[in-house]
Amino acid sequence: QLLGRIPIMTRSEEFQRSIRNLQLQPLITPDDVRKFRVVYGEELLPELEQAIEDCTEHNNQFFFAGHRGCGKSTLLAEFGRQIEDRFFTVFFSISDLIELPAINHVQILFTMAVQLMAKAEEKQIKIPQDKKQAIFDWFKKRTRTETEEFSAELEAGFDFFSLIKGKIKTDAGVRDEIQTDFQRNPKELLDNINLIAREIQLACGNSIQDIVVIIDDIDKLTLAQAEEIFRQNLKLLLLPQFTVIFTIPIATLRDGVLKKYIEDETGNSIFVMPVLKPHAKGDRTKILENTQHLLLAVLDRRVPAHLFAAGIAEQIIAQSGGVLRELIRIAHECCRLARVEILQRQRRQESVEDLYLDGRILDKALENLRNSMAITLSKDDREILQLTYANHQPDDPKDQAFLDLLHNITAIEYRNGESWYDVHPLVVEQLRREGLLL
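Mapped onto my numbering, the consecutive letters of the sequence shown carry residue numbers 1 to 438.
Treat each hint with caution, since some may be false.
Said to hold, decoys possible - Have a look at the derived ranges for each label pair, beta carbon to beta carbon:
id: 1; residue 1: GLN179; residue 2: ARG37; range: 17 to 23 Å
id: 2; residue 1: ASN185; residue 2: GLU57; range: 20 to 26 Å
id: 3; residue 1: LYS281; residue 2: ASP32; range: 56 to 62 Å
id: 4; residue 1: ALA224; residue 2: GLY311; range: 22 to 28 Å
id: 5; residue 1: GLY173; residue 2: ARG284; range: 50 to 56 Å
id: 6; residue 1: VAL257; residue 2: ALA309; range: 28 to 34 Å
id: 7; residue 1: ALA309; residue 2: GLN349; range: 21 to 27 Å
id: 8; residue 1: GLN25; residue 2: GLN50; range: 27 to 33 Å
id: 9; residue 1: LEU24; residue 2: ASP264; range: 32 to 38 Å
id: 10; residue 1: HIS293; residue 2: ILE375; range: 30 to 36 Å
id: 11; residue 1: THR56; residue 2: ASP380; range: 35 to 41 Å
id: 12; residue 1: LYS281; residue 2: GLY173; range: 22 to 28 Å
id: 13; residue 1: LEU343; residue 2: GLU57; range: 14 to 20 Å
Stated by the list, open to error - Straight-line C-alpha distance at most 27 Å; calculated DSS-like pairs for lysine-lysine:
id: 14; residue 1: LYS140; residue 2: LYS167
id: 15; residue 1: LYS259; residue 2: LYS286
id: 16; residue 1: LYS165; residue 2: LYS123
Quick caveat, the hints were computed from the structure, so don't treat them as lab data. All figures in this text were calculated on a predicted structure; none of them were measured in a lab. We put the CB at the ideal spot given by N, CA and C, even for glycine.
All chains, full assembly: derive it from the sequences and hints.
Laid out in structure tokens, this is it:
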């Protein structure tokens with residue numbers, strides 16, 4: 001009987017586990033999905049599935065937009081799992097392989113090739129040995145891994161493509177060579193991508209309908225990077241002969257010329273994942289019941305409900321603006337401060353079992369986060385935010401300064417038939433303290 005009991009955690013251990021549960025990462029692994037996922041946004045998936053099943057080689061590239069932290073990555077990873085019995089599905093984060101400032105269209109295409117073969121190796125797809133060796137030799141040449149040291153690592157049992165990923169992630173010289181070579185001759189890169197895809201399809205036979213590659217975290221790039229990649233190099237990105245889903249920044253949708261260019265070239269509308277509306281447009285006094293219910297469930301999966309004093313979880317939801325990332329960020333800061341207080345009490349040999357996330361801790365957490373946001377705001381930013389708060393619309397939605405605020409989740413876009421905007425609740429309080437809002 002004793003062996004079957006679940007050990008009782010101390011208050012300190014509960015907060016420590018909560019901090020670990022409140023990491024700002026998408027739910028990718030089966031274990032994280034099982035522990036933390038709350039169903040949200042799945043109404044988009046049948047539309048995306050229909051588009052993929054019915055597309056042709058002329059319109060098989062798709063774009064998926066949304067605020068950073070709204071749940072896109074988790075949703076797209078779930079979509080990949082749902083269709084992998086019918087499609088050869090590859091989901092990966094570009095930022096796991098290359099630092100964000102170094103990402104461009106060439107690096108996107110090259111990492112796509114790496115991930116296709118890595119997944120084929122993982123699934124033990126039986127590509128003919130001579131074809132596989134030719135592909136391996138091409139990667140070795142392009143990543144400068146034709147060395148005795150590298151061969152020794154492979155003989156010792158290291159995974160070939162894990163070593164390749166490590167090489168392109170840590171060796172700027174290799175990335176620069178890839179960039180220089182394929183900027184000059186992109187046809188070679190595209191030919192090899194399509195060769196890899198063709199060999200995978202042939203090896204899979206009738207067991208799959210097509211290849212689907214989902215590239216996450218492109219939406220984390222600066223707007224200038226996204227502009228260069230998708231305005232100047234979009235045609236190259238559309239040449240792989242299989243289905244690709246790209247994530248893009250929500251602010252891209254406000255650039256009417258770029259939006260139309262993407263939709264015209266792909267033959268598809270851009271999919272948009274909206275942020276949960278915390279309140280109805282024009283009524284900031286009451287949190288919508290459905291939003292509160294869902295976000296309470298998100299918190300409950302990560303922090304034991306009994307650690308919250310009455311009403312604190314609801315206040316965290318109100319301060320999040322309906323953005324999942326912000327909900328997690330505020331809760332994490334609260335738990336971090338609680339752990340600091342626990343360590344202080346323990347040094348004084350005081351009890352910690354009566355410590356809760358109360359108004360005192362929440363106020364301090366909000367102050368810390370508010371200050372970190374406020375220092376980034378210029379005078380012009382403040383004026384834009386004042387107008388946005390008053391009118392649920394900026395003076396010019398295409399103004400670069402507003403797009404930057406939208407990209408950084410200082411301004412937030414909501415949708416319910418029409419698009420409208422609000423200001424992050426933490427920034428609203430900052431503007432009130434500065435006398436800029438009533």
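Here is what the structure says about each hint:
1. In this structure, GLN179 and ARG37 break the distance hint of 17 to 23 Å, their C-beta atoms being roughly 37 Å apart.
2. Hint check: ASN185 to GLU57, Cβ distance near 23 Å, so the stated range 20 to 26 Å holds.
3. In this structure the supplied range 56 to 62 Å is violated for LYS281 paired with ASP32, their Cβ-Cβ distance being about 34 Å.
4. Under the hint 22 to 28 Å, the C-beta atoms of ALA224 and GLY311, about 43 Å apart, miss the expected range.
5. Taken as a hint, the range 50 to 56 Å holds for the pair GLY173 and ARG284, whose Cβ atoms sit roughly 53 Å apart.
6. Our hint of 28 to 34 Å for VAL257 and ALA309 is violated, since their Cβ atoms are close to 50 Å apart.
7. The supplied range of 21 to 27 Å is met by ALA309 and GLN349, whose beta-carbon atoms lie about 24 Å from each other.
8. Here the CB-CB span from GLN25 to GLN50 is close to 29 Å, well matched to the stated 27 to 33 Å.
9. Checked against the hint of 32 to 38 Å, the pair LEU24 and ASP264 passes, with Cβ atoms roughly 35 Å apart.
10. Between HIS293 and ILE375 the beta carbons are some 35 Å apart, a value that agrees with the proposed interval 30 to 36 Å.
11. A beta carbon spacing of about 46 Å between THR56 and ASP380 contradicts the range 35 to 41 Å that was offered as a hint.
12. For the pair LYS281 and GLY173, the supplied restraint of 22 to 28 Å is violated, since their beta-carbon distance comes to about 52 Å.
13. Here the CB-CB span from LEU343 to GLU57 is close to 60 Å, at odds with the stated 14 to 20 Å.
14. Of the pairs offered as hints, the one joining LYS140 and LYS167 holds, with about 11 Å between alpha carbons and a cut-off of 27 Å not exceeded.
15. Note on LYS259 and LYS286: the hinted pairing is violated, with a Cα-Cα distance of about 34 Å set against a maximum of 27 Å.
16. Restraint check for LYS165 and LYS123: satisfied, since their Cα atoms lie roughly 18 Å apart, inside the 27 Å limit.
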